[in-house]
Every structure is written in structure tokens, then in C-alpha cells.
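A.B. asks: Residue numbers (the numbering used here), protein chains in the order written: chain A, 338 to 437; chain B, 348 to 996.
Wrong hints could be hidden among the right ones.
As the list claims (entries may be wrong) - Derived DSS-like pairs: lysine-lysine, alpha-carbon spacing no greater than 30 Å straight-line:
(1) B:LYS901 x B:LYS929
(2) A:LYS433 x B:LYS946
(3) B:LYS929 x A:LYS433
(4) A:LYS363 x B:LYS929
(5) B:LYS937 x B:LYS513
(6) A:LYS424 x B:LYS506
(7) A:LYS433 x A:LYS363
(8) B:LYS513 x B:LYS721
(9) B:LYS968 x B:LYS506
(10) A:LYS424 x A:LYS363
(11) B:LYS370 x B:LYS555
(12) B:LYS968 x A:LYS363
(13) B:LYS506 x B:LYS376
(14) B:LYS819 x B:LYS370
(15) B:LYS929 x B:LYS513
Unchecked claim - Which chain B residues face chain A? A few, computed with CB under 10 Å, are given here:
(16) LYS370
(17) PRO586
(18) ARG967
(19) VAL969
(20) GLN970
(21) THR971
(22) LEU973
(23) ALA974
(24) GLY984
Said to hold, decoys possible - Covered, in the sense of this in silico footprint (three residues per stretch, anywhere, with C-beta under 8 Å from a C-beta of chain B), are these stretches of chain A:
(25) 379 to 391
(26) 408 to 421
If you are wondering where the hints come from, they were derived from the structure by calculation, not from laboratory data. All C-beta atoms, glycine included, are put in the ideal place defined by N, C-alpha and C.
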Amino acid sequence: MVPLHWYMVLSMVVFAIGVFGFLARKNIIIMFMSIELMLNAVNINLISLSHYIQDLRGQILAFFVIAVAAAEAAIGLAIVIALFRNKATAHVDEIKEMQG
Amino acid sequence: MKYYLLIPLLPLLAFIINILLGKEVLRDKAHWPSVLAVVGSWLVTMSILPDIIAGKVINEDLYSWIVSGTFNASVGFLIDPLTAVMLVVVTTCASLIHIYAVGYMHGDDGYYRFFAYLSLFTFCMLMLIMGNNFLQLYFGWEGVGLCSYFLIGYYFNKKSAADAGKKAFIVNRFGDFGFGIGVFMIFLTFGTLHYAPVFANAAGIAGKTVNFLGWNVDLPTLIALLLFCGAVGKSAQLPLHVWLPDAMEGPTPVSALIHAATMVTAGVFLVARCNPIFNLSEFAMSTVAIVGATTSLFAATIAITQNDIKRIIAYSTCSHLGLMFLACGVGAYAAGIFHLYTHAFFKALLFLAAGSVIHAVHTNDIQEMGGLKKYLPITYAVFVIAALSAGGVPGFSGFFSKDEIIWSAYASHSPVGKLVWAMGTAVAFFTPLYTFRLIFLTFHGTFRGGHHGEAHGHDSHHGEHHIHESPKVMTIPLMLLAVGAVAAGWVGIPPILGGGAHFAEFLKPVVGHPEFHGTHAEEWSVMALSTTIALCGIGLAAFLYLRKTDLPEKIAKTFSGIYTILYNKYYIDELYNYTIVKPTLWIANKVVLAITDTKIIEGVVNGVPGSIGWFSEKLRKVQTGLAQHYGIFMAAGAVFIVALVLLLR
Numbered sequence: 338m339v340p341l342h343w344y345m346v347l348s349m350v351v352f353a354i355g356v357f358g359f360l361a362r363k364n365i366i367i368m369f370m371s372i373e374l375m376l377n378a379v380n381i382n383l384i385s386l387s388h389y390i391q392d393l394r395g396q397i398l399a400f401f402v403i404a405v406a407a408a409e410a411a412i413g414l415a416i417v418i419a420l421f422r423n424k425a426t427a428h429v430d431e432i433k434e435m436q437g
Numbered sequence: 348m349k350y351y352l353l354i355p356l357l358p359l360l361a362f363i364i365n366i367l368l369g370k371e372v373l374r375d376k377a378h379w380p381s382v383l384a385v386v387g388s389w390l391v392t393m394s395i396l397p398d399i400i401a402g403k404v405i406n407e408d409l410y411s412w413i414v415s416g417t418f419n420a421s422v423g424f425l426i427d428p429l430t431a432v433m434l435v436v437v438t439t440c441a442s443l444i445h446i447y448a449v450g451y452m453h454g455d456d457g458y459y460r461f462f463a464y465l466s467l468f469t470f471c472m473l474m475l476i477m478g479n480n481f482l483q484l485y486f487g488w489e490g491v492g493l494c495s496y497f498l499i500g501y502y503f504n505k506k507s508a509a510d511a512g513k514k515a516f517i518v519n520r521f522g523d524f525g526f527g528i529g530v531f532m533i534f535l536t537f538g539t540l541h542y543a544p545v546f547a548n549a550a551g552i553a554g555k556t557v558n559f560l561g562w563n564v565d566l567p568t569l570i571a572l573l574l575f576c577g578a579v580g581k582s583a584q585l586p587l588h589v590w591l592p593d594a595m596e597g598p599t600p601v602s603a604l605i606h607a608a609t610m611v612t613a614g615v616f617l618v619a620r621c622n623p624i625f626n627l628s629e630f631a632m633s634t635v636a637i638v639g640a641t642t643s644l645f646a647a648t649i650a651i652t653q654n655d656i657k658r659i660i661a662y663s664t665c666s667h668l669g670l671m672f673l674a675c676g677v678g679a680y681a682a683g684i685f686h687l688y689t690h691a692f693f694k695a696l697l698f699l700a701a702g703s704v705i706h707a708v709h710t711n712d713i714q715e716m717g718g719l720k721k722y723l724p725i726t727y728a729v730f731v732i733a734a735l736s737a738g739g740v741p742g743f744s745g746f747f748s749k750d751e752i753i754w755s756a757y758a759s760h761s762p763v764g765k766l767v768w769a770m771g772t773a774v775a776f777f778t779p780l781y782t783f784r785l786i787f788l789t790f791h792g793t794f795r796g797g798h799h800g801e802a803h804g805h806d807s808h809h810g811e812h813h814i815h816e817s818p819k820v821m822t823i824p825l826m827l828l829a830v831g832a833v834a835a836g837w838v839g840i841p842p843i844l845g846g847g848a849h850f851a852e853f854l855k856p857v858v859g860h861p862e863f864h865g866t867h868a869e870e871w872s873v874m875a876l877s878t879t880i881a882l883c884g885i886g887l888a889a890f891l892y893l894r895k896t897d898l899p900e901k902i903a904k905t906f907s908g909i910y911t912i913l914y915n916k917y918y919i920d921e922l923y924n925y926t927i928v929k930p931t932l933w934i935a936n937k938v939v940l941a942i943t944d945t946k947i948i949e950g951v952v953n954g955v956p957g958s959i960g961w962f963s964e965k966l967r968k969v970q971t972g973l974a975q976h977y978g979i980f981m982a983a984g985a986v987f988i989v990a991l992v993l994l995l996r
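Can you build the whole structure from these sequences, using the hints too?
C.D. replies: Pasting the structure below:
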């Protein structure tokens with residue numbers, strides 16, 4: 338039986354990698370993948386805790402997160418493709434049309 | 348039966364009709380509603396006059412206007428002998444002047460506007476004199492002031508006329524400010540604004556003092572002087588007389604109606620109406636007498652040197668109003684009102700006759716007139732009648748009232764009686780002098796105008812052969828007024844001349860009768876003195892302006908100092924310009940405009956959006972457009988919130 342805190346540490350590490358990847362990497366696709374990492378870290382957390390307290394609501398919530406993440410990935414990638422067609426780059430520093 | 352209500356309401360109706368329909372529908376028939384209304388008012392006045400003479404007094408409240416706690420102001424009417432006299436004066440003069448104006452204003456662009464304002468004025472004046480409380484008096488008082496402003500500035504395209512209107516309005520503010528406080532003081536003291544209870548309880552406040560601006564002052568004196576303050580403004584007495592001569596920018600019928608016969612006499616009416624209050628304060632009475640006498644003499648001396656036909660008569664009005672105040676100040680209210688009554692006729696006549704002259708020669712400058720006698724025979728005749736009446740020549744109505752005033756001043760118990768008598772007698776010399784100077788320069792000698800005519804050829808209006816008498820619609824009112832100027836005073840012939848002094852007897856219930864001390868011999872000699880002096884004035888005018896026509900100029904050169912002072916009206920306008928107008932403008936420009944407005948108000952108004960703009964300009968930089976910066980903020984925010992939750996648990 339794997340103890341709960343192992344899962345928690347794994348989740349924390351994956352989430353930290355996701356945050357770092359999102360903030361440090363410049364390629365939009367990589368940033369996207371980082372977001373997925375963060376979401377999955379949350380999923381690990383949800384499922385392990387759900388199991389720990391013997392409550393299925395956490396697992397249901399994890400399914401929701403997976404479904405939303407799938408939709409988000411579809412829309413996000415569509416945006417990235419549209420952006421790439423216009424700017425011919427996937428480098429995030431070169432996309433700053435919203436500058437104030 | 349409240350058919351006396353028609354007296355003020357008919358002119359109001361005419362005003363409403365004219366202001367609504369005059370421009371589009373009535374146009375050059377705009378005089379009909381106004382003339383019919385004012386003649387109707389006159390007829391109603393005449394129909395109730397016998398009742399009033401028989402001793403009936405109408406005093407009733409018709410409508411509760413303002414009710415607030417113990418304060419109760421109503422619209423109510425009082426017709427007693429004093430009001431009746433004023434009604435006769437106002438409706439008679441107004442009727443004749445309205446008719447005259449039909450001819451005088453014929454073809455003017457603002458014809459309907461003129462008659463609308465004239466009707467509104469008549470309404471306000473009638474409300475002023477018919478009110479039975481101080482608030483209604485105040486309503487009428489401000490109403491006539493407003494109409495005066497409208498009508499002085501009638502030719503508003505002309506800057507001088509617009510300025511004169513403003514001047515009249517602003518100068519009257521000074522007086523009305525005091526008047527307004529006076530009305531407040533009356534309410535504070537008596538708890539009501541109705542004449543009857545106020546005057547009935549007036550004796551109760553004798554000797555009481557009140558703390559006013561930190562000083563303990565005698566209550567009756569304070570109230571009387573505050574009311575007199577309003578009278579000084581409205582009746583153009585020193586030191587607020589400056590607006591009246593400038594008011595001559597208005598059309599001549601306006602000068603005759605508002606600035607000679609009716610509105611300017613409202614001050615005298617006020618003092619006479621409030622005589623129970625004035626009688627309580629010897630100081631206030633003396634002030635009234637001295638102010639009146641000083642103004643009278645002051646204005647009379649200015650009138651001698653002026654060259655504008657209407658301004659001369661305006662100063663004459665000032666002077667006569669001063670005489671009326673002089674009479675009130677020595678307690679002879681009946682004499683003051685009597686002079687008001689006779690003055691209305693001969694002064695309205697003088698103005699209208701002057702208007703007839705102006706109508707004929709198109710100038711106001713008497714130096715450009717002369718020899719008009721043969722062109723304007725009717726105008727000349729009525730002018731002379733008015734001048735004889737104004738000058739106090741025996742037999743004419745002005746004589747009886749003026750003599751009554753001078754004798755009252757001499758015989759009264761007033762401490763300043765003898766002083767104001769001497770000043771009044773001096774005025775009796777100057778009045779015929781300037782009036783006949785005006786006549787001789789205007790109607791006698793040779794025509795001095797026409798300079799423009801020579802320059803522009805024979806089709807100019809200024810040529811001598813174009814001068815013609817005014818139309819009948821103007822001359823008939825002149826002749827009727829001339830009858831009034833001669834005969835109006837016959838109702839008040841003093842007992843010493845075989846009359847019954849009916850006028851004073853009629854007013855006795857309202858204004859009482861002063862106790863005189865003086866013998867018949869004294870009365871005869873006072874009368875003889877003032878009459879002789881008046882005749883000397885005429886004689887001197889004839890000598891200077893008919894015989895030795897070069898002498899006036901020499902005199903002016905010899906006494907150039909005095910002449911210059913008189914010609915420039917004692918530099919009062921300049922004095923006010925430097926002491927009041929300029930400092931006010933300076934404060935307006937340098938303090939109110941430069942500091943309050945520009946710095947403070949605009950500072951706040953522009954500063955608030957300015958600082959918001961500055962702040963958002965700085966805040967804008969946060970929006971870099973880089974997704975990762977937003978990410979950092981989000982992460983930092985999440986960490987911050989988690990930390991907060993953990994630490995504050």
C-alpha cells in the first residue's frame with residue numbers, strides 16, 4: 338500500500354514542474370503542456386485524497402477536470418494554430434498585441 | 348362685489364394677450380389690449396372713488412399665499428384714501444401715456460413688446476399700491492423694478508441703453524436690500540406683515556432697542572431707516588440717484604410713466620404708508636427730510652447745466668421727489684402725497700412734450716434745437732403750462748403743493764425744519780430757472796440744428812423744414828395732461844387762499860395731520876418769498892437765454908470750476924466708478940476669477956479627472972501583453988492568498 342504523502346509529494350512535484358514550465362519556457366506548445374501537467378497534478382491529488390477519505394466525489398471531480406482539460410486543449414490548440422498562421426511563430430515573447 | 352379687482356387684473360390680462368399674441372397676430376394693433384385695459388382700470392377707479400371719498404375703506408384678504416407656522420402671507424387688497432390717490436395718479440397718467448405711446452412708438456420693431464411691458468408695469472404698480480401687506484408691496488416693488496429694467500433697455504441693441512438698464516437694476520439692488528431686511532424686521536417685531544396690525548401696534552415698539560450687527564439700536568429708527576433705504580433706491584435720492592438720469596435711454600413714454608409719474612414715487616408712497624413707524628423716530632424723520640432736501644437742491648443745480656432735454660427733466664424729477672421726501676420728513680405726509688399727485692401730471696406732461704419735441708427733431712440735445720415755437724405750437728403751449736406748474740407759479744397746481752411743502756417745513760416741529768425750509772426755498776428758485784432755460788433754448792431763438800441736414804442734402808430728417816407737429820394721438824393726451832397740470836392742484840388749495848384743503852382732509856385718516864405753529868402773517872410771507880423767488884428764477888432764465896444770450900457762456904467761463912462740477916454732475920458717477928465699480932471689477936477679475944474660479948473651482952474640476960488620468964497612465968504599464976507576466980502575477984497572487992490563509996488561521 339502506497340502511503341498518501343507519496344501521492345501528495347508526486348502531485349506537488351508535477352505541479353511545480355508545470356508552474357515552472359509555464360513561466361519559464363517560451364514556446365506556446367510547451368506552455369500548454371505545462372498547463373496540462375498542472376491539471377493532472379490536481380487530478381492525482383483529487384483521486385488519492387478521494388481514496389483516502391473513501392468518498393467518490395473527488396473521483397467525479399477528477400473526471401470533470403479531465404473533460405474540461407480535453408475541451409481546453411482542443412480550443413487552445415486551435416488558437417495556437419490560428420496564431421501561428423498569422424504570426425508564423427510560436428514564441429510567446431513575440432506575441433504582445435495586448436500591451437497597455 | 349369685488350369688481351375693484353379689475354383694476355390690477357385688466358392690465359395683467361393685456362400683458363398676457365400681448366406677450367402671447369402680439370408678435371404674430373396683433374402686430375401693429377398691439378396697443379389695443381393695453382390701452383383698453385388701462386382705460387378700463389381708470390374707469391373702475393373712478394367708479395369706486397366716490398365710495399372712498401365717502402369714507403369707505405376696502406381691506407380684505409382674498410387668498411392665502413404662504414402659510415408657514417405663524418407666518419401667514421396673503422394676497423389682499425387695501426383701498427383707503429392714500430391708495431385711492433395713488434390709483435387716480437397711476438391710472439390717469441398711465442391711460443394718457445398709453446394713448447400717447449400709440450403715436451410715439453408707431454412703426455417700432457418691438458411695438459407689441461413695448462405695450463406688453465407697459466401693461467405688466469401697470470399691473471405691478473397697481474399691486475404695489477393696492478396691497479394690504481408688506482409682502483405684496485414687495486412683490487409690486489420688485490415687479491416695477493423689473494419692468495423698469497425691461498423698458499430702459501428697450502433699445503437693447505444700443506449699448507448705452509442696455510448699460511442703463513443694468514445700472515438701474517443694480518443700483519436698486521442696494522436700496523432693496525435694505526428694504527428687504529426692513530420687511531424681515533417688521534415680521535420679527537410684529538409677527539405679521541399686514542399693514543393694519545403692524546400700524547396698530549407700532550406705538551408699542553417706541554423706545555425699544557434691538558441688537559443689530561452688534562449694536563444696540565432703537566427699533567423704530569432701524570425699521571424706518573431700512574424701509575427708507577428702499578425708498579431712496581426706488582425714488583432716486585442721494586446717494587442712489589445715479590440710475591435715474593441714465594434711465595432716460597428708454598423710450599420717452601416710459602420715462603414719463605415709470606421715471607416721473609408712478610414708479611419713482613413708490614418710495615414716497617412707502618414712507619407715507621409707513622408713517623406710524625416713521626413718526627416714532629425723530630432721527631429717521633430728520634434723515635428723510637435732510638436726504639430729500641439735499642437731493643432736491645443737488646439735482647436742481649445739476650439740471651441747470653445739462654444739455655440733454657430728457658436728462659434735465661430727469662434731474663428735475665429727482666429734485667421734486669426730494670421735495671416730497673422733505674415734506675414726509677417734517678411730518679407733512681399729506682403735503683408730500685399732494686406734491687406726488689400734482690407732480691405726476693406736470694412731470695408726465697413735461698416728458699411727453701419733450702418726447703413730442705424729440706419726435707420732431709430726432710435729437711435730445713437742446714443745443715441743436717431752438718426756435719421750435721412756430722413748428723410745434725401745441726407742444727410749446729403745453730410745455731409752458733407744465734413748466735409754470737413745475738416752477739410753482741401761483742394758480743397752477745404745482746404752486747399749491749410746493750407751497751404746502753415749504754410752509755410745512757417752516758412751520759413744523761421738526762428740528763431740521765428751518766434748514767430744509769431754506770433748502771426748499773432755494774430749490775424754488777432753481778426749478779423755474781432750469782425749466783425755463785430748457786424752454787427758451789428749445790422753443791425760442793433760432794434753429795441751431797440741421798448740421799447733418801446740410802451735410803447730407805435736403806432729404807435728411809434733420810432739416811428745419813421737416814419739423815412738424817406730432818399727430819393728434821399724441822397731442823390730445825398732452826392737452827388733457829395740461830388740464831391736469833393746471834387744475835389737479837385745485838383740490839388742495841390751502842385755507843389761507845380761500846380753499847378747503849380737501850386733499851389733506853381726505854388723507855387725514857391715513858397719514859394724520861401735523862401740528863403747525865405759525866401765524867397767518869408768517870404763512871403769507873413764506874408763500875410770498877417762495878413765489879417771488881420762483882418768479883425771479885423765471886426772470887433770470889428769460890434774461891440769460893432770451894436777452895443776453897451770450898451771457899450764460901461768459902458766466903460758465905468765469906465760474907468754470909463750479910460749472911465743470913455741475914456739468915459733470917458733481918462727479919458722483921466717477922466717484923462710484925472708482926470706489927465701487929472698479930474695486931468690484933478688480934475683485935471679480937483678480938480674486939473671484941483668478942483665484943476662486945481659476946485656481947480653486949477649476950483646480951478641483953480639472954484636478955480630479957487629471958489625477959485619475961495620471962494614475963491610470965502609470966497603471967497601464969502593468970498590462971505588458973506578455974502572457975507569462977500575467978502568469979507570474981497569478982502565481983504570486985495564489986501564493987499570497989494561500990500564505991494569508993495559512994498565517995491568519
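A.B. asks: Take the C-alpha atoms of B:LYS929 and B:LYS513, compute the straight-line distance between them, and say whether it is at most 30 Å.
C.D. replies: The hint holds at about 16 Å.
A.B. asks: Given the proposed pairing of B:LYS513 with B:LYS721, does the C-alpha separation stay at or below 30 Å?
C.D. replies: Judged against 30 Å, a Cα distance of about 39 Å means the pair is violated.
A.B. asks: So if I understand the rule, the pair passes when the alpha-carbon distance is 30 Å or less; does B:LYS968 with A:LYS363 pass?
C.D. replies: holds (21 Å)
A.B. asks: Hey, A:LYS433 versus B:LYS946, does the alpha-carbon distance stay inside 30 Å?
C.D. replies: violated (42 Å)
A.B. asks: Identify whether the interface hint at B:GLY984 stands, where standing means a beta carbon of chain A within less than 10 Å of its own.
C.D. replies: violated (13 Å)
A.B. asks: For a C-alpha distance cap of 30 Å, please report whether B:LYS901 and B:LYS929 respect it.
C.D. replies: Distance of about 36 Å is beyond 30 Å: violated.
A.B. asks: For the pair we were handed, A:LYS424 and B:LYS506, check the Cα-Cα distance against 30 Å.
C.D. replies: Violated, because 71 Å separates the two Cα atoms, which is more than 30 Å.
A.B. asks: Return the status of the interface hint for B:GLN970: holds when the least beta-carbon distance to chain A is below 10 Å, violated otherwise.
C.D. replies: With a closest approach of 3 Å, the B:GLN970 hint holds.
A.B. asks: Against chain A, is B:LYS370 within 10 Å by beta-carbon distance?
C.D. replies: violated (60 Å)
A.B. asks: Could you check if B:LEU973 really has its C-beta closer than 10 Å to a C-beta on chain A?
C.D. replies: Nearest chain A Cβ about 5 Å off; hint holds.
A.B. asks: Measure nothing beyond the straight line between the CA atoms of B:LYS819 and B:LYS370; if it is 30 Å or shorter, mark the hint as holding.
C.D. replies: holds (26 Å)
A.B. asks: For a C-alpha distance cap of 30 Å, please report whether B:LYS929 and A:LYS433 respect it.
C.D. replies: Given that 30 Å is the threshold and the Cα spacing comes to 63 Å, the pair is violated.
Hint violations for this structure: numbers 1, 2, 3, 4, 6, 8, 9, 11, 16, 17, 24, 25 and 26, all remaining hints satisfied.
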